[in-house]
Amino acid sequence: MTDPRELVGRLAGDDRVQLIGVRHHSPVLAAAVPAMLDAFAPETLLVELPAEMQPWVRWLADPETVTPVALAAGSRAFYPFADFSPELVALRWARRRGVPVVCCDLPLADRAPRESPVTGPEIGPSLGAAVHRSLTGRAGDDLWDRWIEAGAPGSSPEAVRRAALAAGWALRHDAERHGVDPVDLRREACMRGHLRGTSGRVSVVVGAFHAPVLLDGPVLEDAADRPAPVISLVPYTFDLLDARSGYPAGIRDPRWQQAVLDSGGDPERIRLATHTFAVEVTRQLRAQGRPAGPGEAAEVVRLAGDLAALRSLPAPGRGELVEALQTVLAQGAPTGIGRGVAHAMDAVLIGRRRGRLPAGAPRTGLLPAVEDELGRLRLPGPGQAAQRIRLDPLRSPTDRERELVIRRLGACGAAYGDPGTSGPALGGEALTTVWRVEWTPSTDAALAVAGLHGVSLVQATEGLLAMRRRREIEQGGPTAEQALTGLEVAAACGLPGLAALRIRDVRQAVCHGGGIAQIVAGLNLLDRVERGHVAGLTTPPDGITDVRDDLHAAAVAAIGGLTGSARVEDARALHDLVQAADEAGRLMRLDHAVRGLARDGTPLMSGAAVAVGVLLGHSAPEEFGRRLASWADLPAAEATDRLRGALSVAGALLQSGGPVLEPLLDVVDGLSDDDFVRRLPALRGGFDALSPADRDRLLHTVGERHGAVREQLAAGPATVAAWLTADRAGLAAVRALGLTEPVAAAGAVPPAAAGPVEPGAISPGQRWRLLLGRETDRLPADQRRLATALDEIYGAGRGEGAYPIDGGGAGREPAYPQAREWLEDLESLFGTEVRDEVLARAAERGRLDAVLAADPQQVRPSVDLLHAVLSLAGGLPESRLARLRPLVARLTAELTAQLARRIRPALVGLSTPRPTRRPTGRLDLGATVRRNLHTVRPGPDGRAQVLPQQPVFRSPGRRSVDWQVVLLVDVSGSMEQSTVWAALTASVLAGVPALRTRFVTFSTEVIDLTDRVDDPLSLLLEIRVGGGTHIAAGLRYARQITVVPQRTMVIVISDFEEGYAIGDLLAAVRALADDGTTLLGCASLDDKGRPRYSTGVAAQLAGAGMPVAALSPTELARWIGEQVR
Amino acid sequence: MTVVRQIDPPEHRYAEELEFLVAADAGRRPPGWRLTPRAVVTFVAGSGGVPFGGRVIAPKFVGERALIERCVVTLAGERGLLLVGEPGTAKSMLSELFAAAICGTSALAVQGTAGTSEDQLRYGWNYALLLATGPTPEALVPSPVLTAMTTGAVARVEEITRCLPEVQDALVSIMSERRISVPELTGTDDAVAHAVPGFCLIATANLRDRGVSEMSAALKRRFNFEVVPPIADLDAEVALVTRQARAAVERGGAAFSVDDAVLETLVTAFRDLRTGFSAEGWEVERPSSVMSTAEAVAVAASIGLSEAYLPGPDPLSLLPGHLLGVVRKDDPGDAARLLAYWDGALRRRAEGGARMWRQLWEHRDVLRD
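So the sequences go chain by chain: U and Y. For what it's worth, UniProt numbering labels the leading residue of the first sequence as 1, then goes sequentially. For what it's worth, UniProt numbering labels the leading residue of the second sequence as 1, then goes sequentially.
In case anyone wonders, no lab produced these hints; they're calculated from the structure. These figures come from a predicted structure and were not determined experimentally. In this text, a Cβ means the ideal position worked out from N, Cα and C, and glycines have one as well. Some clues are possibly wrong.
[Stated by the list, open to error] Covered stretches of chain U, going by a simulated chain Y footprint (3 or more residues, C-beta under 8 Å):
| id | segment |
| --- | --- |
| 1 | 145 to 156 |
| 2 | 321 to 330 |
| 3 | 546 to 553 |
| 4 | 830 to 839 |
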């Protein structure tokens, strides 16, 4: 290897050519460029801009142009310029001096990639790595930043130039080990050609990477002849110039770079600039309400300065400043104050500067580009009539382009295409699209705004969408919802780069913070993208399989969060999730989770989990059959829910009969009539999960077993009736004689009624008709009453077959005109207990009349019933509410009394003083003497003297214990049982003298109901459910009302499916935790300890300082007691 | 006579190297410091293979140099240094090294616990003397912090977040006023103990520890925070684990015979579970338990001990059980997360044909409950 020094010396020392190797943005170099050019006094200036940009040089260098601006050629090339771009500085210098400028780079038209790079063998360690090791700073910092930007201030212009050339040589050297891009080689050949063709002294301002090869080498001969792209000069912003904006050729923290340029590379002035920036960041922090003052700013400046000194730098660079700001201000907390610091640093270091074009510059940009494109695709442009079109983007390439244009215009906010429905697509997705397209004035307006983000439609769309994504990230997101929408839009608009980013977002947001619904939606979306059904993305982005795998993992993890669900949709989602995860091979945890769910879940989820186990082959059908049968004996509500769960997942399995169905059939057959009638409402509720058509099929399967139940009796109805009459008469005669029933009588019964059924009782076939609620018109009259009473609540069912064309409801008894009659009927048919259960179910289903008809004194109080009634109460006008009030009042009063009996013991004695070693000011003399007996010394007068080495105090008593308990209750979505329990618990807590209880409900808005906390009835009736979930808003309110953080407990009762940015939520939690508040998240607050919640968010909350658990009210009270003591 | 210690404090262990560094760099040093800041950085982070003043200094802390530089610069200023990070990231070792290099002793330390009282941060009394002679400077029992103040040394407070908040706050006045007044000695010269130049404070705190008390905002603002990350480099971590596990097993007189491949597998598994990402970039669900390097060392040592005393056919078969033991500390859900790791990254590697991972996959039944 030749000595690098010698090589660089040769590059820098050429007599005719002054090579200025630059980076596109480099304040230190930009500050030095005029002096370099002055010293060399070239006759011509060559800059690395494509030849097509030659006409734009005069506008770029115009004194009226305010940076930042950008030169763009369609979506192919993008050159942002700021005051600290050395090229722009050189152009301005040339304009001042009247030196001609040549754009010497290869024309853009000639830049199609030709062949893959020639890869050389890798020998030895990379030079860049070697150089990097010798430099200071953080491990991830850019080589150029450390070498040139941090090291160069204060050096002479010539020294800066040489250092830049050396850095470029090092980069080049490393790149050559992997092979240089052929396009780059061609560009260099072109530049060499220009260089050789220019006579006299030349200065070349060119990327440092290209500089080492410009002096020698072949020149370009075969210039390609292709149409030149349209060049536009557009204003730009610092915001977009920042490298993190996702735009090409940016630089970190433009405002800081501008400040370095303004200091002219003078170390002392750069140091002064750090003072300004440090003070501004602390001011921003104060504006956010965080303590940060001149003391902190001074420490930032000192730390940055001393770091620079320790690293032998002439002045603190950007790296030192950032390190100092983070060390001094961020307190090692990424979620709490750390986020605030990051915001403040963004605002101060990036800046908001906007560029402006000089008057008279040609108008270019997005609008003409869009019009051209529409014309090319024969879509209506400005002033043309609206069209209605049907596109088939997956087959026709032109249609695909049209589709993309329409979608992109939509994403830019320009109202252009209006989607229509593309016809019926039942059970599938539409692959063609229908649009009504028209150019409207608002299209003009929207494109004028979008023009800031790019000069072609694709660029502007990508820019706008990327900015939206950045906004979401700034606000602590994106949320799962935003990530999914973002991916969908990016895919539809055909932006593979953005789609790849969005896929990462999906991975982040949906896998960690998504609910079940979002995980399923994410899987579906990825599936569509992967199969190429989204017109924009013909080839699925890389990494999509990885993300899908992660989503599967998240699905498995989310199963645990379903433990407490009582929704049939969740049971069905469980099936989908499990199926997907099973295909992905995540068996071990899946098995664990499903078994856990079957063991600990609510009856509904438990039933579903057991059924899922069979479907996946984890357990045998026989076993499932036995379990299914055993549920028939469970308490009513339990049996209903388990059956519902299992059937909503495995209904089809049952229809096939066999070992799954047999045990249940046996059980149903084996019940005595009384038992059967008592169990009937519960089981009927379970089978209601099946659609009517499914129930018909099941009935058919059952009928096959009891084959003879069919209506067509072998002997004809008249004959059988005659037999029966004769049989009955005989039986009566035997009885009249006082004899016991003859065993042989069974033999006389026709085969149809075979089995251990008493004559005149309900036959198996009839039982199943009752259970399934189908073909009830074929039942005898007394049984039909049973069926009708149950149909009153369950109706005909939902799903397939619910609305039969032939009026299948025919034959049903007329519905009850009065709810009271129905209730009476229920009681007489099934008994009081069953009536209450049915009543609760009726309330759940919105049967207000039934609830109103119930006698408040007769119903058994239960939280289930109260919950159901309150769910109804939400939407009622006061006049009807008044009629409901007695019932709610009784339920509330009874339940509160019960709860208070259970809770009080846990909170007794909170206000009794206890001995403590913490100095409270109230000395416990007796305890102190006892504790310090070992220090007794005889005094001079012979009296024993105690040395109170370990004083013992009394803890504060009733008056001074003043804990605040803030119950934050999520009332989004629906009235949950947890909400009812929370209100009851709050009212009990309100009666404890040592606690001040506050009751706050939140959805998207926060309502403080503390003034009603003493009265659970009005509290419960005051709660209004609905809206989205914004936990962070609730937490911020809790923080506002906190008086003494150290003696405040904030208890959040929610399912933690936050609809807003997770980052914001974590910050809010962190802020409370930082204050010293005691936090607790309750995924559920009920008797069962079975939560339904988002496990991903809960885990992140626990990390931020809020442990999440499922508690019963008693456990909660015990926990509160522990905190206070 | 040399007493064998279980752990040798750094000022003894590196006494000779420190002596050399004192002489090697004649640059300006902050008041009260034995070494120049540059020499302190070199002592901790090593000289990068290049001789420093004629001698190559080995790194004692595996990590980023910029972090060490920031710490040293902080210590040269007026604020305290608070090292935070996950358990087992060598925060305490780092603070010992700084103390030994800057003032020659790492002994002035207070261990923070829930029982730590204000006396341990300020001063206490020798009650017998107090009684006999009244409040005199002789009867005063200075805390390590007070000693460090009066001698211009580095005081260390370990696990500061475990102290009760009101005890922590005793440090606020010490750090802002830089003096401790002793009201009992009012009227004498010793009524106020002033900090001598060179006094500074290093505290350490765990981020992911249960049962910690949050620091007050006032105290936080008197510290510069440095987050000590877990070791970033796999090879460095494997080397560290091997070295320490070997030392632990050999201290007991047994031979350490665990295969390097096994140790690498172990460390990789720990890193995956700690970072939430596998080396290949696959997502891994993080358990809430701490998966620190220190824990990895403990597991490696346990495997080493079982190999030494109860040799079995395959040391790898012990790993799932040990991992389960590390993970299953407080959250029962963590066991499920370990299963997810087996389902995900581990299964994929096994399918990819990596021998060690295939073996681990074979041993998956250990995890079933």
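So, going through the hints one by one against the coordinates:
1. 145 to 156: With 0 residues close enough to chain Y, the hint is violated.
2. 321 to 330: holds (count 5)
3. 546 to 553: holds (count 4)
4. 830 to 839: n = 0 at 8 Å, threshold three: violated.
In this structure, the earlier hints numbered 1, 4 are contradicted, and the remaining ones agree with it.
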